[in-house]
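Dock chain S against the given chain F, drawing on the hints supplied.
Chains F and S, in that order, are what the protein sequence lines are.
Take the first sequence: its position 202, counted from the start at 1, is 202 in the UniProt record's numbering, and no numbers get skipped.
Take the second sequence: its position 98, counted from the start at 1, is 98 in the UniProt record's numbering, and no numbers get skipped.
In short, the hints are calculated from the structure, not lab data.
Just so you know, even glycine gets a beta-carbon here, dropped at the ideal spot from N, CA and C.
Keep in mind that a hint or two might mislead.
Negatives, chain S to chain F, calculated, CB over 10 Å [said to hold, decoys possible]:
#1 Val3
#2 Val17
#3 Asp66
#4 Lys68
#5 Ala87
#6 Thr89
#7 Glu129
#8 Ala136
Here are some chain S residues pointing at chain F (derived, C-beta under 10 Å) [claimed, not checked]:
#9 Asp11
#10 Ala35
#11 Leu36
#12 Glu41
#13 Ala108
Chain S side only, calculated, beta carbon under 7 Å to chain F, not exhaustive [to be verified]:
#14 Ala13
#15 Asp37
#16 Pro118
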Amino acid sequence: MTTSKQPVMELIHSAFPPLVAALVSPLAEDACKRNNLNFVEMLQPFCTLPGDAHIRDPSGALLSVRPGLRMCLQYASWEPPAPPLARKWLNEAASLHPNPNDIITVEAGNQTVEMPAKTPWFEAWRNVFLQVQYPSDHEFLKHYLACIIVVSSEDPDPVACVQSLWSACTANSGNNPHQLPKWFFSPALQYHVLLHDASSPTADTSKAEQHFARLKAQFGDSYCTLLPINTESNLMDDDKSPPADPWAQYVMASARCPQPPGILNSPGARTPNALEEAQEVNEETIPHPLSPDAPDSPGMPPIMKEINSYNEQPVLAGVRGKHLSAEDREKLRQLIPDFATRVLLPYAEKQIHTLTELVIARKGLSRSLFSATKRWFGSSSKPGTTASSPQSSPASQSYSADSAERGLRRLGDLSFLLGLPQLSFPAYHALKRDLAADQAWLMLAGALEMAALSAFLLPEQPPTSPKRAQEYMEEAIDTYLKFCKLPQFATRAALLSSEILKSRGLMGEAAQQLIKLTSEDSDLRSALLLEQAAYCFFGSHKLQKLARKYGFHMVLAGHRFNKAGLRPHALRCYQQALQIFEGKHWGLAEDHILFTVGRQSAFLRKLPEARDSFAKLLCSGSQQASAQQAVFLREYLQTVQGLLAIDKETGIPIMPVPIVDCKNLQTLLGTPSEVQVQADVAFVSGTTFDSKLDGEEKVVWEKLEEQLVTEARLGQTFVFKPILQLLTPKSNNSTKPNAVINEHLAVQLTVTNPLQIPIVFTSVRLVWKFSPEGQPGTEISNETAKEQNSVDTQTLPLLTLDAGASQKIVLCVIPRQVGELSITAVAFDLCGPAPVSSDQQPIAVTGKIPLSVKGERLKGKDNPDYRLTITIKSPMPLLQARLEGLGSKLMCGETKRIGVLLRNSGPQPLKNLLVSISPPDAQCLALPVGSKPPQSPLSNLGPQQQGYRVGTLTVSAEPKVLRIPLPGDVLGPNQEASIDIWIKAPMTRGSLKLHLMMYYEGMENNRYRTLQHSWRVMLNNPVSITAQVVRSSCPTINGEQARSESLNLALQIAHMSSLESENSESDLKDSLSIQQIAVVSKHWHLGPMVISPKDCKLKPSEACHLLFKVLRSADTCEDKKYIYSHSGVGTSLNSQFTSWPTLIFLIKEFLATNTSTAESKLDLTLLLKWRVFTGKEIHEGQHQLSILDLGTTKTWPQYGDSPMPPIPVLSPPPEISPELATAQSLVCFSLQHTASVMHDFKEMCFCVIPVKIHLQNCSDLSLHVIVSSNEAPSGGILRSTQLYSPHAGSGFCYLGPSRRIITLAPRASANVDLKAALPRPGTYDLSRRLAVISGELGKIETSLQTWKCPSPLIVSQKI
Amino acid sequence: MAVCVAVIGKDNAPKYVSCLNPNMELDFHYKVHNALDVVEEKMSANGKASGDIRELYLGLLNSTDDHKIFGYVTNTKIKFVIVTESANTSLRDNEVRMMFRRLHSVYADVVCNPFYNPSEPISSKAFNETVRNMMAGNL
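The shape of chain F in the complex, shown without the other chains (with noise of 0.2 Å):
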């Protein structure tokens, strides 16, 4: 807001124009009004001086007048509009634009303001405020330096209607000095016009001539004029009227607003009305009642009167001048230039003359005695001073009208009226030299003011420095102040400081000056001063703009301008001041910044800017106290009221709360229900929203739909992609998903009320457009229109969200017809706080907040996420099931029947239906309630002998996937069906979730639907077993039995304490019992139980040891056949049914883990059935150990990782390679001989005992075996030195041949027989003598066979 010097210079000679005043007889204007014009507006456009007019100094040198002075005319009969009239028009003038369009953009730091240009309607207030000062006594800036009086050559006497026209306005003037008009002169100068209306029809030219030669006697040649108009004889047509039409742009003015025309343009340029003379308007002097003028001035009505008439008057504009000829109008255009050179200037020059002698003359006297006199006698002087004017403070001193300082006063007025400076300011400084001492604070103030602008307007030979100009100008401004307390004046003095202080670029002192006027009194004043101020703080430095002292004057004004009424400029400077304040944090005062925009705005039915304003106020998580944010709402909610009352069209408005967290999303195909675990019963209706399908889980039940789908499409070539039924955010939503018609389509949404207050919502609802299949663009939307077919809504009746709380809320709707829905919105009714009192209606306004998904961005583009947007399709069986028996308690290994109520609640058949479960080491069975079990796999079941059974067990291949099996293959609409589904449990201790998915299709192909559950259950290992099988060296228990070939089964079976409740009282209670063990494999079978504990009850930490024979089979199986025995243990000895669902479990898991190969050794299972009798139930179950090596021991569960091995004292055995160990195991064997003998040595020197040597081939290859007696004694041996030997001896010999040759079918055995003689009694081990080397028959390589086989004998002395 820079100004350069040329404006300032022209504001202040517009601001102080010479003023001319105007006597018009009314024949005279009636010839002006057919012109639609008035004389003094005839006149306006002509008032100008010509460039070359000058003026002589007192010295006599000559002066050249401003270029460019326009006088100022004005009829005489104006005065200045009434207290309140003036208030109006200064409102007026200030609320014109108050939304300018012209926008600049500055940068200010680093963020941009916008801000007008122009400040149109401050210049238009300045205008009118300078043009409605009130002329003062104190300086004679407003008083008329002339009269032009006007007569019609149509007036019977025109020297008499002069006279009598000037002795009426002059009536009144005798007796009161404060009678307007205001004459510069005295007497005043007078010019006459001659008017002559040509177009009169009683116009005379001769006549006319005549009253002219009378008024020319009478008043003198030059002091008379005769102006002729209307002299236009044709009469142009309307659309033919002069192209130049010099008072357009004076009278639309005043057409367009209704002000008096003088105000809204330069003050020089046209004044024709009483403005000019106005009465000193401000609102000081309303409210004195004593004041002899203000109430009752009699001159009011009049004023009102004629301004109310002129202001309707140029309604009735038609074509402008229209009767005036060219030379009319040359005539008129110079009738005022003639008149100021001819007659003004003359006269001017003499009274400056006149003056400047006067007050030479009398300066001597009036320094030195006068102003003595005054400042001995002052107070005593002033009861006799003239009447001083009624504002005039008691410490402002008055002057006779013709003592030296006021004929100082009028001599610099009347320079500087007529643009010479040079001549005023001398005039102005001797005067307030002379008034500083006599302390006449009023006019001192004028003098100084007048000194500061008159030196501003001498730019080339300043006389003074224009710092110590400012420094007049503020001293001026204090005077008028703080002693004349005529704020006013003040005001116009710094309006026009500010102006020169802003050219020389002194922005802060401008700033300065302006605030310093803004006082209590006057709104409007204050307001558009702060405003400017804060313009001054934004422009002030080029650098450096003062933002915030602009945001805060702005506010300052803002809020004046709100008070004065104008609430359009206020608006925009609060508007102006956020965008400094917006975003800064200053939280408090950008909250008061944007509720005022807000209530501005409402105010000003600007209800979308309202709406925005208080909407950020409810959203940017404001700091204000509850009672404030419940105002903010209010307000808000009343604003968007009003608004929808306004406008129907624009559907659901959008709210700023609650926040919805859109990214978080979830939409469910399906009934949102619970699954309620409640005890055992589960009801299972699908996925819920608190699946959490993702990361691990989510594999799983892809995996298992997998399974799922590759086995009911067995044979058919697909894609496999999981349908989902839960889209969440990190689901893959990249296609649209399927829903089913009449089936719920639930949206969780999570919903945050960042206020302080808690906010209710009621019929909280989804709004959704729906376009049905085959009838594209069609678009259907429950926006709108409340009630639709197509999809139902539902509502959540209400929701209250307390003050910072967020709730996850779920809203359901139901499509009604196969198409496209896409969910859009959610919408709620927003009720407004509790009312504060009772005459408040409670209030409550529909709002929506729409919702959009994004997906991820990949590759720079958005993947479409297809959260809400929903293809329908055609009706589906829908499968329901409720799960019984449950428990959140397992062992590890039990086999659970869980009852399964299923119904197909959808309107269509289902079928197909499968089942998995996962983890894998989990299996399931099912069996429709009621039903038979299928065969079971094990057949020829031989009858019981010595407490086994053995049979042949069919193992099939079974798969992963378990079907279903339903009466009749279909469950039809609303059927339900029992079943029975036995699951065993996994094999891992500890917490995890069992996930169990059903399969099922409808009578469409390529269309299924899944059913999951998922339960998370505890587990505990009940048992712990440690198994060896070793090789029995004693193959004869029962006589002939013994031919085949044994092993020993070694079990160690513990009872494990459950992990959560170690020791516990309970827990004591547990009693593991074995109910069977079974054995699977292609040779073996279990044979007897060895030693048979009665009672196998375990305690917890109770551990037994169970030994088998396992006897290997004389049969082979075919393939996929398996020798099945098992055997009852303790009490259960006898229960030797094995059920069908262990059985099946048992040859899932020898499927799954059964990965022997033909090369083990021993292809052996062991089946374990155990019972666990806790305090309220038993748990059954089945552990399974498959044993591949003989003489490893294996243990379950195992324990982390494998113990550490020995620390090795001696040096380790040599590495023996596996081939070679095979080898040297091919043969095993026994001896069989008495186990003492009694022998008399003394008979007999030697005992001879015979010995048979039971060999047996464990190969499936044929052998050749070397037997050889009366080897060295190999192992133990013996120390001499020990006297009793803890060994036995070796001390004997085989007799007969040492080495015998036998060859052994596969898996055969033979016997050799052999003679021991023994020297002596004792104890020997007949085997320390025996050697056994094997090998495969017709290779040559043979092996030592490592079988060791200690056979004591005892031999003593026959007594």
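Chain S alone, transformed into the frame defined by chain F:
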């Protein structure tokens, strides 16, 4: 003594504003914010003038009929603003300086708190207590 004490961060966002009369809070917010212009002006002037010894105390920023606003800037561009009543003529410049120094040391304590995030508003009890004392006049 002081009627309002404010701490403003280096991004010119308020970190702490406390005033004696809670009803005038908005008023003080505006005034303190307004004074930041002068702070910036003085800072840029200071930076040009002498780089070696930086006077942290900025002196009087603004003076209105009611209040006097004093400023202080730490080396990390944290601004302290103290508003006093203009009517209180007994307050000397030195005392204001002391108040600022005290404020600075308490602020340093706050920042030393490992749990304090420097971008957050100050909510320290000890700081609050000191400021209250300052405003009550018992330094």
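Assertion that Ala136/S lies outside the chain F interface [Cβ separation over 10 Å]: Label holds. Min Cβ-Cβ 23 Å, cutoff 10 Å.
Chain F contact restraint for Ala35/S - C-beta distance below 10 Å: With a closest approach of 8 Å, the Ala35/S hint holds.
Least C-beta distance between Glu129/S and chain F, which was stated to exceed 10 Å: Given a closest Cβ separation of 21 Å, the condition holds.
Status of Lys68/S, Cβ more than 10 Å from any chain F Cβ: For Lys68/S, whose nearest Cβ neighbour in chain F is about 16 Å away, the distance exceeds 10 Å, so it holds.
Given hint Ala108/S near chain F, where the shortest CB pair must fall under 10 Å: violated (22 Å)
Beyond 10 Å from every chain F Cβ - status for Ala87/S: Its Cβ never comes within 10 Å of chain F, the nearest being 19 Å, so this holds.
Status of the Leu36/S interface restraint (C-beta, 10 Å, chain F): Result: holds, 5 Å to nearest chain F Cβ.
Agreement of hint Glu41/S with chain F interface, Cβ distance less than 10 Å: holds (6 Å)
Interface hint outcome for Pro118/S [beta carbon to chain F under 7 Å]: Interface hint status for Pro118/S: violated (14 Å vs cutoff 7 Å).
Ala13/S as an interface hint toward chain F, with CB separation required under 7 Å: holds (3 Å)
When the least beta-carbon distance from Asp11/S to chain F is tested against 10 Å, hint result: It holds, given that the least Cβ distance between Asp11/S and chain F is near 8 Å, below 10 Å.
Beyond 10 Å from each Cβ of chain F, as asserted for Thr89/S: holds (21 Å)
The earlier numbered hints that this structure contradicts are 2, 13 and 16.
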